[in-house]
Amino acid sequence: MATRHSRSAARIMMAPAVILLLGWMLVPLTMTLWFSFRKFLPLRGGDLGWAGLENYVRFVSSSSFWPSVQATLTIVGGVLVVTVILGVLLALLLDQPMWGQGMVRVLVIAPFFVMPTVSALVWKNMFMDPVNGILAHIWKFFGATPVEWLSQASMQSIILIVSWQWLPFATLILLTAVQSLDREQLEAAEMDGAPSLKRFWFIILPHLSRAITVVILIQTIFLLSIFAEIFVTTQGSFGTKTLTYLIFQRVLESQNVGLGSAGGVYAIILANIVALFLMRIVGRSLDA
Amino acid sequence: MYLRNVLGAASALSLIALGSADAENLVIATVNNGDMVRMQGLTDDFTSKTGHTVEWVTLEENVLRQRVTTDISTKGGAFDIMTIGMYETPIWAKNGWLVALDDLSAGYDADDILPAMRGGLSYDGTLFAAPFYGESSMIMYRTDLMANAGLSMPDAPTWEFVADAARKMTDKDNDIYGICLRGKAGWGENMAFITATSNAFGARWFDENWAPQFDSDAWSTTLNFYLDLLGDAGPPGASTNGFNENLSLFQQGKCGMWIDATVAASFVTNPKDSTVADKVGFALAPDTGLGRRSNWLWAWALAIPAGTQKESAAREFIEWATSKEYIELVASKEGWANVPPGARTSLYENPNYKDIPFARMTLESILSADPLNPTVEPVPYVGVQFVAIPEFAGIATEVGQEFSAALAGQQTAAEALDKAQALTADAMEAAGY
Amino acid sequence: MARAVTSRRKALNTMIAWAVGLVIFFPILWTILTSFKSEAQAISDPPLFLFFDWTIENYGVVQDRSDYMRYLWNSVIIAGGSTLLGVVVAVPAAWSMAFVPSKRTKDILLWMLSTKMLPAVGVLYPIYLLFIELGLLDTRTGLVIVLMLINLPIIVWMLYTYFKEIPVDILEAARMDGATLRGEILHVLMPMAVPGIASTILLSLILAWNEAFWTLNLTAAKAGPLTAFIASYSSPEGLFFAKLSAASTMAIAPILILGWFSQKQLVRGLTFGAVK
Chain A
1 MATRHSRSAA RIMMAPAVIL LLGWMLVPLT MTLWFSFRKF LPLRGGDLGW AGLENYVRFV
61 SSSSFWPSVQ ATLTIVGGVL VVTVILGVLL ALLLDQPMWG QGMVRVLVIA PFFVMPTVSA
121 LVWKNMFMDP VNGILAHIWK FFGATPVEWL SQASMQSIIL IVSWQWLPFA TLILLTAVQS
181 LDREQLEAAE MDGAPSLKRF WFIILPHLSR AITVVILIQT IFLLSIFAEI FVTTQGSFGT
241 KTLTYLIFQR VLESQNVGLG SAGGVYAIIL ANIVALFLMR IVGRSLDA
Chain B
289 MYLRNVLGAA SALSLIALGS ADAENLVIAT VNNGDMVRMQ GLTDDFTSKT GHTVEWVTLE
349 ENVLRQRVTT DISTKGGAFD IMTIGMYETP IWAKNGWLVA LDDLSAGYDA DDILPAMRGG
409 LSYDGTLFAA PFYGESSMIM YRTDLMANAG LSMPDAPTWE FVADAARKMT DKDNDIYGIC
469 LRGKAGWGEN MAFITATSNA FGARWFDENW APQFDSDAWS TTLNFYLDLL GDAGPPGAST
529 NGFNENLSLF QQGKCGMWID ATVAASFVTN PKDSTVADKV GFALAPDTGL GRRSNWLWAW
589 ALAIPAGTQK ESAAREFIEW ATSKEYIELV ASKEGWANVP PGARTSLYEN PNYKDIPFAR
649 MTLESILSAD PLNPTVEPVP YVGVQFVAIP EFAGIATEVG QEFSAALAGQ QTAAEALDKA
709 QALTADAMEA AGY
Chain C
722 MARAVTSRRK ALNTMIAWAV GLVIFFPILW TILTSFKSEA QAISDPPLFL FFDWTIENYG
782 VVQDRSDYMR YLWNSVIIAG GSTLLGVVVA VPAAWSMAFV PSKRTKDILL WMLSTKMLPA
842 VGVLYPIYLL FIELGLLDTR TGLVIVLMLI NLPIIVWMLY TYFKEIPVDI LEAARMDGAT
902 LRGEILHVLM PMAVPGIAST ILLSLILAWN EAFWTLNLTA AKAGPLTAFI ASYSSPEGLF
962 FAKLSAASTM AIAPILILGW FSQKQLVRGL TFGAVK
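Residue numbers (the numbering used here), protein chains in the order written: chain A, 1 to 288; chain B, 289 to 721; chain C, 722 to 997.
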């Protein structure tokens, strides 16, 4: 169908994007790989020579390594679960007839426009502060002891903050999917007396599966590298040190670029494992 | 046309003011502390005196540190002047990254800089960063609460007295906590405080052979004492409180005592921000009778990265910002209580400054800190609340996270110390000690 | 009868939806409210909701300390520039992927997305050195390029999914009529693709506006956008909630307003091919 002419034209049209991204990937990647085999300590005079596999061994043998992988996966998983479940519910709600629908949508999507740094600062200082935070006031109002959010429930707090930011995104994608639902089929099911839970399970959810996959894919890409939320709130304490944050500590706080670069290579490997897993699912649903 | 005339006139004027010197535009990286923000507001004075203009990059402390360290170690040249601390100065100077500040003009009177500050900001006897303000740490306490508890604070209390007073002052039902201390993880946050405290308890980071000492009894005593005290008499969420959080708690009247930077004294006594401004007393940081007190020594200082094209203009700025005249300028605009403290001897001899309630205690605290002999037992390092080696910031932040987790009740003191010992040993080995 | 039920149901929906919407929006609302309080009132116990002495002094203080317009202008240039450049590069790529698919199209698409997973911190030093070498440090050009590269995969993907929904028959018909490739794109494809491109631009603007790692670490005095502006308010000494709120409100207001005006576009457009 496609002529040879259009094929080569297509290739030319694709070239700029592919070349740019290839460069963006290869140049830093090569440099990271190079540094990861060097003893590179900026504060001790820079590149101090060949280090072999030492950086790689040291990075994984650190007691922080496995907990950081676990923390990364917990945050990604937690946020995905929260945003997908609440996103589906919200999308269904927003699809219902109501007064002021546009305004409600505006309220719901607003968090998406807030910079991660700002949202982390606001949550940390004005909501989760155990003395002056709104949540502490609410707890006290009901006679409960305020929760020390960022230390006692650090993981949950971070998941809450990140979910708040990403819920609008999930909701928007799911909402477009809900809106494209076949009304007649739904009404027919209602006529047949199918209870709403059944209708949800057998008609709505399968229809949304594709949108859910897309939400999972896109969010995972962003969530694997979240940084600002942790930097502003816990700085990696209380079990919230993700792999990205661990690398940050090695590169910038310990000023060990070689070690951090080795960590970067591990992070790429982890991301690719997650990606491979995801692409399998998404790739299939993209074909459908 | 009119605009061009005005501009022409303005530049002609500035040329006259300047004589022949070229007007430069300086880029200065600084931390967002109150004194620096005030300096930004006074930049016009510098510009009118020298013709040089200034662009500020004001960042939160952690961001600033990561930003300037990246830039200086890659010779990026993004900044003409950097605001750095006592920890960075000797390390960077050793690497040849800073311009020596040895031939400052006579009017500047470099000998007036407090010896402790001068020593901490020098490498091999040469000054590499000029102190904008210096600090030690001391006790700030509520005189009214102390009286209510039937106690009176001596000028130089022991930890035993402080702990007892803290427990007596605590009234959790009314949101009054006997003592507020740093708990937020970070080498410049909880570890600055805990390390300084450990000095009073006879602990040290390393022995003479650079072997980590977290398995010592002295460290165990220090950490347990700190955890017990904050557990009984500290505010909720202490494990996420740093300097700023505690400052705001104290200003709201929620702390009985607060042991922290001497510069905080001017904030807690400022009636504009503080609800307890007229009820604050000061005392030296506590000891345990072993010969060392729990106070630290720190300075925020201005340094010039080697290789800048604008060295002479940068020098002029540093001389302006850390001069006696600058102190007088601030005093004339904001009052003597708000001048940058702790840098110059002459300030403490100034009759106008002697009336400031916290002046004497600040000076005594600074004078009692000795970065060269910080601990009871001998150590191979320099620094009171830090160890001036490049690896320290990274190690101490991780150790701080373990201690912070212990404070939050997620592990015991013994577990935290075990981990601290292991990770310090590992990092020191990686660094080749 | 049926009508009464619907309208009662509508009222119930409205109530629930507004309640949920307000809860989600509350942190932003609270930030905006706090920005108009004095520092003392910002931490008053119990919290003051609407009845406090409204003041705009915080905005004055923030403006005095940092020149808001300069940061805003940098944000506009950087977010706008990177988005425009990204779309220019992405449209042809997405077009060819959608209309001349080959066996490798999907692989290329997924590979592009995977480049986003490289942890930024790990490559800070390499990129910083590169920027020094190329003289791009603290320039808007440098940030435009980096943010364009960061968002390019998302832009390509989004456009690809829109283009794929355009029926190929129309293109065939145009080709039959002797339309050139250029004409095909300009007169047939573009008009149909405009809504998709518009929402892609929106998303890219939002992502670029909010990017806080590279924009902070590669700038100094000249090119710093609003993320750098915020970094100087994050934890100064003393009471700072009100000033922080004012700075936060200033930093998010432009993009929030843009988002509100274009929410219809976003609601319709953000599909990523999720709708068949």
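A portion of the hints provided could be inaccurate.
Each computed BS3-like pair below joins lysine-lysine, with the alpha-carbon atoms no more than 25 Å apart [claimed, not checked]:
1) B:K598 x B:K337
2) C:K731 x A:K198
3) B:K337 x C:K943
Since the hints were made in silico from the structure, they are not lab data.
Exercise for review: Could you tell me which of the hints above the structure violates, numbers in ascending order?
Suggested key: Per hint list: zero violations.
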